[in-house]
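Asker: What follows is each chain in one-letter form.
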Amino acid sequence: MSIDGELIVFIICGGLSVIGALGMVLSRKAVHSALFIAMVMINLAILYIANSAPFLGMVQIIVYTGAVMMLFLFVLMVVGVDSSDSLIETIRGQRLFGILFGVALAVLLIGGIGSAMADKPDIGLKAANDEFGGNVEGIANLIFSDYLFAFQATAALLITAGLGAVILTHREAWKPKATQKELSVARFMVGAGHPGNKPNPGVYARHNAVNTPAILPDGSLALDSVPEPVRSRDDSLIVDHRVVSTVVELVESEDQN
Amino acid sequence: MSGSSFGFFGTDPWWMVILKAVAIFGMLVVLTLFTIWWERRVVSRMQNRIGPNRVGPAGLLQSLMDGFKLAFKEEIIPKSAHVAVYWIAPVISATAAFLAFAVIPFGPTVSIFGVETPLQLTDFPVSVLYVLAIASVGVYGLVLAGWSSGSTYPLLGGLRSTAQVISYEIAMGLSFVAVFLFAGSMSTSEIIAKQQPIWFAVILLPSFLIYVTSMVGETNRAPFDLPEAEGELVGGFHTEYSSLKFAMFFLAEYINMVTVSALAATLFLGGWLAPWPISLWDSANVGWWPILWWLLKVQLFIFMFIWLRATLPRLRYDQFMKFGWKILIPASLAWIFIVAIARVFRDDFAFSNQQLLIVGAVVIAVLLVGSWLLQVRSDRKQAAIDAEREQELLVPFDAMGGGHPVPPMPGQVLAYTPRRILAAQSLASQVIPPALDSTPTEETPNA
Chain A
1 MSIDGELIVF IICGGLSVIG ALGMVLSRKA VHSALFIAMV MINLAILYIA NSAPFLGMVQ
61 IIVYTGAVMM LFLFVLMVVG VDSSDSLIET IRGQRLFGIL FGVALAVLLI GGIGSAMADK
121 PDIGLKAAND EFGGNVEGIA NLIFSDYLFA FQATAALLIT AGLGAVILTH REAWKPKATQ
181 KELSVARFMV GAGHPGNKPN PGVYARHNAV NTPAILPDGS LALDSVPEPV RSRDDSLIVD
241 HRVVSTVVEL VESEDQN
Chain B
1 MSGSSFGFFG TDPWWMVILK AVAIFGMLVV LTLFTIWWER RVVSRMQNRI GPNRVGPAGL
61 LQSLMDGFKL AFKEEIIPKS AHVAVYWIAP VISATAAFLA FAVIPFGPTV SIFGVETPLQ
121 LTDFPVSVLY VLAIASVGVY GLVLAGWSSG STYPLLGGLR STAQVISYEI AMGLSFVAVF
181 LFAGSMSTSE IIAKQQPIWF AVILLPSFLI YVTSMVGETN RAPFDLPEAE GELVGGFHTE
241 YSSLKFAMFF LAEYINMVTV SALAATLFLG GWLAPWPISL WDSANVGWWP ILWWLLKVQL
301 FIFMFIWLRA TLPRLRYDQF MKFGWKILIP ASLAWIFIVA IARVFRDDFA FSNQQLLIVG
361 AVVIAVLLVG SWLLQVRSDR KQAAIDAERE QELLVPFDAM GGGHPVPPMP GQVLAYTPRR
421 ILAAQSLASQ VIPPALDSTP TEETPNA
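Quick mapping for you: the protein sequence lines, in order, are chains A and B.
Read in order, the letters of the first sequence correspond to residues 1 to 257 in our numbering.
Read in order, the letters of the second sequence correspond to residues 1 to 447 in our numbering.
None of these hints come from the bench; they were simulated from the model.
Glycine included, C-beta positions come from ideal geometry on N, C-alpha and C.
Accuracy of the hints is not assured; some may be wrong.
Stretch-level coverage of chain B by chain A, calculated; a stretch enters the list once three of its residues show a Cβ under 8 Å from a Cβ in chain A [claimed, not checked]: (1) 155-162; (2) 222-233; (3) 354-361.
Using 30 Å as the maximum straight-line C-alpha spacing, the simulated DSSO-like pairs for lysine-lysine come out as follows [as the list claims (entries may be wrong)]: (4) K79/B with K175/A; (5) K79/B with K29/A; (6) K175/A with K326/B; (7) K198/A with K177/A.
Here are the simulated distance ranges between beta carbons [claimed, not checked]: (8) M304/B with H32/A: 36 to 46 Å; (9) K326/B with V75/A: 15 to 25 Å; (10) M304/B with P217/A: 55 to 65 Å; (11) A127/A with T152/B: 52 to 62 Å; (12) Q47/B with M189/A: 51 to 61 Å; (13) T152/B with R233/A: 24 to 34 Å; (14) S242/B with I8/A: 53 to 63 Å; (15) V203/A with Q47/B: 40 to 50 Å.
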């Protein structure tokens, strides 16, 4: 890869990452912050790929953007953290300490990584990848030899954390859950009420307004078809006069017979 | 990138890259139009109808006309929408759908305007992971569409799609592992090259079945189309979308179908390699013919999608999640375990395939007998527990048993106090007004 291409990728993705990071801190809505951080993650992934670490870049997108940030969004959407939070500091001097600790962390990271890398020879990305015959092969070789214990320990920790979360949110079932068959049987039991959907208001009636009761096959009115709030104010009930009079006539003629 | 082991990839001149990208874009749009028409026709046949047959020969131009109509429709943006996110969501969805196709191989190396080049935009050591990554970015489109619409049903659809796609992506990723183990690579072109004598669908059948199941969940197609379950959520995440923005979701859905089908063909059905009787022909796997084999395999999966949609009712949400987490994921883990062990025995201990099969049969027989014995044992235990519980229920419930007032467990009855008896009597003596319902069940029992 030529220097120019890499430089262009760096300028675009680096710039977008900085914009995303600033947007993450400065945006008022929690969901917008989450989106900006997703943008930072994707741009970082592109930078990893440009630096001959395609596996890391892909895993970054799959794990962080695809799963972790998605779960964040999920929670934000469920909880509905929507209103902009007030900017009053709840802890005194929070922002000052935040900035101080942030700078301290940056100094620590730059200093630590810088001093650790100072005496390492600069062999270039291609040579580093070719040592084991490729990027993925190199990672596999390191993870399953030198760093096997760290890898296994991390895996065990994550599994433990996952199990712990499941146990903490677990609730003992009070009674066995009704199966679909049992629910169906209960629905058809005597006294359980209407087994299926009730007719909508206005079915076979002269109007389809929500306060017009449906008419059953035998001509009687299905008053249940009108929603309860409407039904309870019976002055608003439109009775289908034609049908009702027919029914009344029928009933009367039956009575006479 | 390390282009050393990837032959022609990364050496294309700039105009070739643009040509391939435009060709893929055009092919995907045309395939989408075709798939919509094909789906409508096939579903119609399966339902004893004819389907669109008016616009163009056999109705082929119907979806093109529908596309025009959709584009010129009035665009309605809800007042409560979060406008910026509402705009971005369909763009993310459609862009991600197109991007995933960059690593799908269509054929072998051919000569285009005198330049030798593979029929694939690009390839790199982790290109299958790239498809997974792009798919997980594409989900943002659905989720954000659901959230930004500022409406209840889309939000529920968005939440469902998050949970669904994350769950099924795990099963999908696990189904790739056995393929990676056998191919020794995560690049699409090398995976195809490794399927030369026999397809991975044959030797890794469980992986193939798990992938095919999870790809239906991943693309939100029936019977796993819960994010847009029209019976429950109106239209799901795209309820509030109209006009061109809706068209982009539509486009993305169909391209995703083609993408997962193409990935299935690449990983399990030998990609562009000719199927068996044709592969006897010497020039079946050279030149431009392989595009046809590739297209046939992709269409096979798309037909399966359509068939599923016409046949199966939508799953209930909890059953769907249970299926993903409690069946697909453990099954793929167990299968990876078996594959890894079998490979170690074959490669490191020089077992022949025949010996492996015998050992596998013995292990399966032992597992079957063992699980049957365990089942018998647990049934007996459960019966004993049930009997003990029955005995417990016979003892009258003491509300102050442990020194604290406690509520009765299910099945236990609180002893009646004099006040409770009085309350029950007064309740029974009240005349319960008859319901307004005029259904004639009480009067005419035989109605």
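Asker: Of the numbered hints stated earlier in the document, which are not met by this structure?
Answerer: 2, 3, 4, 10, 12, 14, 15
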